[in-house]
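So the protein lines, in turn, are chains Y and A. Number 286 marks the last residue of the first sequence (this note's numbering); no jumps. Number 549 marks the last residue of the second sequence (this note's numbering); no jumps.
Think of the hints as simulated: they come from the structure by calculation, not from any bench. All the given hints hold, so there is nothing to weed out.
Listed below are several chain Y residues computed to face chain A (Cβ distance under 10 Å; list not exhaustive):
| # | residue |
| --- | --- |
| 1 | TYR182 |
| 2 | GLN187 |
| 3 | GLY190 |
| 4 | GLY192 |
| 5 | GLY204 |
| 6 | SER279 |
Glycine included, every Cβ here is placed at the ideal spot set by N, Cα and C.
Chain by chain, the residues run as shown.
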Amino acid sequence: MSAPTVERPAVAPHQDPALAGRDDVRPTGRRLGPGRRRRLAWLLGPSALLLLWTAASATGLLDPRILSEPWTVVATAGELIADGRLQENLAISAQRAGLGLFFGIVVGALLALVSGLSRAGEAFIDGPVQIKRAIPGLALIPLLILWFGIDETMKVLTITLGVFVPIYLQTHAGLRGIDLRYVELAQTVGLGRAGFIRKVVLPGALPGFFLGLRFAVTGAWVSLVVVEQINSTSGIGYMMELARTYGQTNIIVLGLAVYGILGLLSDGIVRLIERKALSWQRTLAG
Amino acid sequence: MAAHPGGLTAVEPSVRTRTGARTGPGAPTVSVRGLIRGFGPKGVLNGVDLDIAPGEFVALLGPSGCGKSTLLRALAGLDHDVKGSGVINVPDRVSVVFQDSRLLPWDTVLGNVTLGLRDHDADTKARRALAEVGLAGREKSWPHELSGGEQQRVALARSLVREPQLLLADEPFGALDALTRIKMHGLLRELVSAHRPAVLLVTHDVDEAIALSDRIVVLDSGLVATVRTVAPEIGSAVDAAGHEALRRDLLTALGVDVNAASH
Ligand SMILES: Nc1ncnc2c1ncn2[C@@H]1O[C@H](COP(=O)(O)OP(=O)(O)OP(=O)(O)O)[C@@H](O)[C@H]1O
Ligand SMILES: [Mg+2]
Numbered sequence: 001m002s003a004p005t006v007e008r009p010a011v012a013p014h015q016d017p018a019l020a021g022r023d024d025v026r027p028t029g030r031r032l033g034p035g036r037r038r039r040l041a042w043l044l045g046p047s048a049l050l051l052l053w054t055a056a057s058a059t060g061l062l063d064p065r066i067l068s069e070p071w072t073v074v075a076t077a078g079e080l081i082a083d084g085r086l087q088e089n090l091a092i093s094a095q096r097a098g099l100g101l102f103f104g105i106v107v108g109a110l111l112a113l114v115s116g117l118s119r120a121g122e123a124f125i126d127g128p129v130q131i132k133r134a135i136p137g138l139a140l141i142p143l144l145i146l147w148f149g150i151d152e153t154m155k156v157l158t159i160t161l162g163v164f165v166p167i168y169l170q171t172h173a174g175l176r177g178i179d180l181r182y183v184e185l186a187q188t189v190g191l192g193r194a195g196f197i198r199k200v201v202l203p204g205a206l207p208g209f210f211l212g213l214r215f216a217v218t219g220a221w222v223s224l225v226v227v228e229q230i231n232s233t234s235g236i237g238y239m240m241e242l243a244r245t246y247g248q249t250n251i252i253v254l255g256l257a258v259y260g261i262l263g264l265l266s267d268g269i270v271r272l273i274e275r276k277a278l279s280w281q282r283t284l285a286g
Numbered sequence: 287m288a289a290h291p292g293g294l295t296a297v298e299p300s301v302r303t304r305t306g307a308r309t310g311p312g313a314p315t316v317s318v319r320g321l322i323r324g325f326g327p328k329g330v331l332n333g334v335d336l337d338i339a340p341g342e343f344v345a346l347l348g349p350s351g352c353g354k355s356t357l358l359r360a361l362a363g364l365d366h367d368v369k370g371s372g373v374i375n376v377p378d379r380v381s382v383v384f385q386d387s388r389l390l391p392w393d394t395v396l397g398n399v400t401l402g403l404r405d406h407d408a409d410t411k412a413r414r415a416l417a418e419v420g421l422a423g424r425e426k427s428w429p430h431e432l433s434g435g436e437q438q439r440v441a442l443a444r445s446l447v448r449e450p451q452l453l454l455a456d457e458p459f460g461a462l463d464a465l466t467r468i469k470m471h472g473l474l475r476e477l478v479s480a481h482r483p484a485v486l487l488v489t490h491d492v493d494e495a496i497a498l499s500d501r502i503v504v505l506d507s508g509l510v511a512t513v514r515t516v517a518p519e520i521g522s523a524v525d526a527a528g529h530e531a532l533r534r535d536l537l538t539a540l541g542v543d544v545n546a547a548s549h
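The following block holds chain A by itself, in its conformation from the complex:
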């Protein structure tokens, strides 16, 4: 299906398939081709192409309102009523972490983690996942009894307990304070290296993107404008050579006047 960079000239039905079988060696976990989405007359996504390899961590940056959430929701299959076209291939097991923890207030922490799990040992798995995020012993709590950071950790446990091949996260730490956010980065890194899902993380934080991801994609005017790979040594240390250059590079791509913005 062709991309229509000019806008929504033609609204074709979009194709979204779950291709658990197509994960042979070399095949990407996610493949998006010519993705077009729009609300009303103006297009939001104007032909996005994106591949994510198995186990790859991709960060999605872009100015506010550029369509990051729209892309993520398309991958999650949550855009039933949005007009558009394009081809999306995602694996069978996809987990989503939202900006709000989105815990059911009427269910316990454990109930929230096991939500939708059909395994006979769901409880055992959920307890293990809660222990992994440092919340052992809080299984019986109500969500409102947890702090914001703890709630978001439950949401992480809920998404990881189903062993996703793809983890979609839309500004999962956006509502957290800086200190908690740094701790959550460490936790997410550990969890991802233990479970090896492919990850698409939407963020507005350049440093978060560099710290966590293997590759950074910048969205602009509904298209993939910039792609940067992050060398492992750059991601793990802020004082590494090339870190500052990459940071400036990305800020420029995001339309920030780097010289004016730096102190």
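This is chain Y alone, in the form it adopts within the complex:
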């Protein structure tokens, strides 16, 4: 039986000039993974979407009253940036999302740690979190408005409540999934409680945490839209809500585009950090 062979251009992994530049003929098995990662490949899907939108608008397939043309949205963005409204609203939105995300991450990770490392913690924490998980975030807003009014506290709190759940769930699952063999190892090398958490628990739970973080970031933007479209006087969501009352489709679409870009960017940032932090992992993701 002969293995399939391919000839490929010689690449030189070798420093030694005598060994470099030689032929590289090798049998290649069928690779089942997705292959090597390519830079900027993640832009492909969103770009295709943008292209489709442009084409549909340019050919008149898409009525501007239903969905504004991309160039109108860009022009609108230019105007809003020129009079400062876009930056102002974006800044306030980003601040809300950032604060909510920050508190949510801290609360979620801490609860996961306590609940994952102690039976008592689990008994008290896990149940209530599962209950919170079953209640849609939106359903809590009326109560939060009654308690905190409609100011920033209520908005940040709503985002926090949405964020901490996925962080908790995934971190907890990651932590509980740590191989018992490493726990034994920690004992035999004489790690204390703190050392055990620092050297075994946190790194072991990190993949779960990052998965939770990606859900959390997306969730933060979603909660943001909701709190900004009810009872708000600033932010991207408010800007869109105002545009709705004046029938300004272009501003609404601009708001959507801004949310989309923010979501894509923040997910990209999380993935980048994840890849750096989990460089020890050998996975399909590569």
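Based on the hints, put chain A with the ligands in the right spot on chain Y.
Positioned in the frame of chain Y, the structure of chain A with the ligands alone reads:
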């Protein structure tokens, strides 16, 4: 505490103490008395007595499932939830080498060797230990970048860098190929003669036991069934007089029909 050879008739709390102070001249590094361990109704260890002298290399043989790992884990203090009784005395500094190298995948080779070390010069010591096992220059590698044999050498470096008085090893070379295993035997012998810990090596390989140890203990039905001392000249050469006799003797103790098994 009395031994209960019939099984777990009484489950008393077992005593496990670390007696760094009790290592006077003549005192054994390890002493086990009447050790009983069991999962469920059937006993696994039914009253094991075992002493290991300072610097002594003891090999533990026995058929699969006879309780070798159970004994080793009891010595390592890793059997929190296992029922049993008995008295175990071990020194303060105990290191364990497992069958899998058990390196933390998220830490570098150096980080794995220094794991749990509190000395201010932990890194220097770890580098020296890595050089001793022939892995100088691989400090920054991830565990998955090493071969199986190299990973097990890191595990050896990790256990020796804390200068153990007792080294517990549960089939540390079980997952390695024959050639690598022979090289690892040489390495382990060198390391042990340099650091002089007492060693308890669990193995299923009679030749490995003869080659490495001063004394061989065979476990059967949860009891120490056979004890053989290995004369130094027998351990170091397969063609030495008495080597084959000892080998047959041990195989018989392990329940292997020597005549049928020999080619
Ligand atoms: N966690 C456990 N739960 C239930 N039974 C167990 C457990 N660990 C070991 N046993 C049982 O105890 C007995 C002794 O197991 P042990 O691992 O000590 O054997 P061993 O001598 O090390 O065998 P091997 O040479 O195959 O490694 C076996 O019958 C095994 O099934
Ligand atoms: Mg075993």
